[in-house]
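S.K.: Protein sequence lines, in the order shown, are assigned to chains C and H. Here the working numbering is used: the first residue of the first sequence is 1, the next is one more, and so on. Here the working numbering is used: the first residue of the second sequence is 1, the next is one more, and so on.
No wet-lab data here; the hints were simulated from the structure. Keep in mind that this is a model prediction, so the values were computed, not measured. Please note: incorrect hints may appear among the correct ones.
As the list claims (entries may be wrong) - Examples of chain C residues lying across from chain H (beta carbon under 7 Å, computed):
(1) Pro-39
(2) Leu-45
(3) Tyr-48
(4) Tyr-64
(5) Val-88
(6) Phe-90
(7) Asn-100
(8) Gly-106
(9) Gly-108
Beta carbons: idealized from backbone N, C-alpha and C, even for Gly.
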Amino acid sequence: NAGVTQTPKFRVLKTGQSMTLLCAQDMNHEYMYWYRQDPGMGLRLIHYSVGEGTTAKGEVPDGYNVSRLKKQNFLLGLESAAPSQTSVYFCASRTGGASNYGYTFGSGTRLTVV
Amino acid sequence: GENVEQHPSTLSVQEGDSAVIKCTYSDSASNYFPWYKQELGKGPQLIIDIRSNVGEKKDQRIAVTLNKTAKHFSLHITETQPEDSAVYFCAASIAQAGTALIFGKGTTLSVSS
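Just need the whole structure built from these sequences, with the hints factored in.
M.R.: Set out below in structure tokens:
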């Protein structure tokens with residue numbers, strides 16, 4: 001099993017450019033999440049999805065959009081990148097069942113906006 | 001919404017000593033409390049978790065305790081080893097409601113030999 005795969009691993013953007021981060025999981029998980037990690041700030045929730053076709057806002061959603069058109073994929077979009085969006089982005093997923101609430105994380109995407 | 005506070009932000013111990021990291025949460029409805037370990041350049045990995053109907057859980061050298069009345073939970077690592085050096089995150093959520101985990105800001109643990 002690949003688990004949770006994030007692409008790309010690294011990216012440098014110029015202010016105002018757009019990009020999409022892809023998260024793919026092969027565990028048939030219902031729930032998927034996007035977090036950003038900044039020094040001293042821990043992991044902050046951007047958006048999440050409780051199933052195909054559904055999305056919801058997290059703690060820091062401004063400047064980001066998401067889509068979950070297929071159960072296995074969760075896309076995070078930046079329409080007009082800003083330097084404040086320089087961060088490491090982590091995707092995570094978990095089963096929808098009651099037996100296991102633990103997340104499986106991807107290895108992250110390091111984004112720099114100049 | 002939920003708010004999770006984590007202390008200390010950094011912790012240095014000698015190999016073989018014990019390490020304790022503490023977290024408090026604000027939402028009394030939260031009922032799921034995991035701990036994650038993050039090594040440099042990698043994503044966080046679940047190391048242990050506890051649900052609100054349990055006061056303590058152990059797995060070899062690590063244990064977690066939960067005090068629902070005081071709304072705090074702690075991670076205990078005994079007989080620390082250099083490979084325990086990492087960033088540790090606590091988190092909380094209302095699991096059955098499908099709400100997402102809210103994380104503390106992390107503790108950088110350094111174990112020196």
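S.K.: Each hint needs a verdict: does it hold in this structure or not?
M.R.: Against the structure, the hints come out as follows:
1. Pro-39: violated, 10 Å
2. Leu-45: holds, 5 Å
3. Tyr-48: Holds, about 5 Å.
4. Tyr-64: violated, 15 Å
5. Val-88: Violated - the Cβ of Val-88/C stays beyond 7 Å from chain H, reaching only about 9 Å at its closest.
6. Phe-90: It holds, given that the least Cβ distance between Phe-90/C and chain H is near 6 Å, below 7 Å.
7. Asn-100: violated, 9 Å
8. Gly-106: Since the shortest Cβ distance to chain H is 5 Å, the answer is holds.
9. Gly-108: holds, 6 Å
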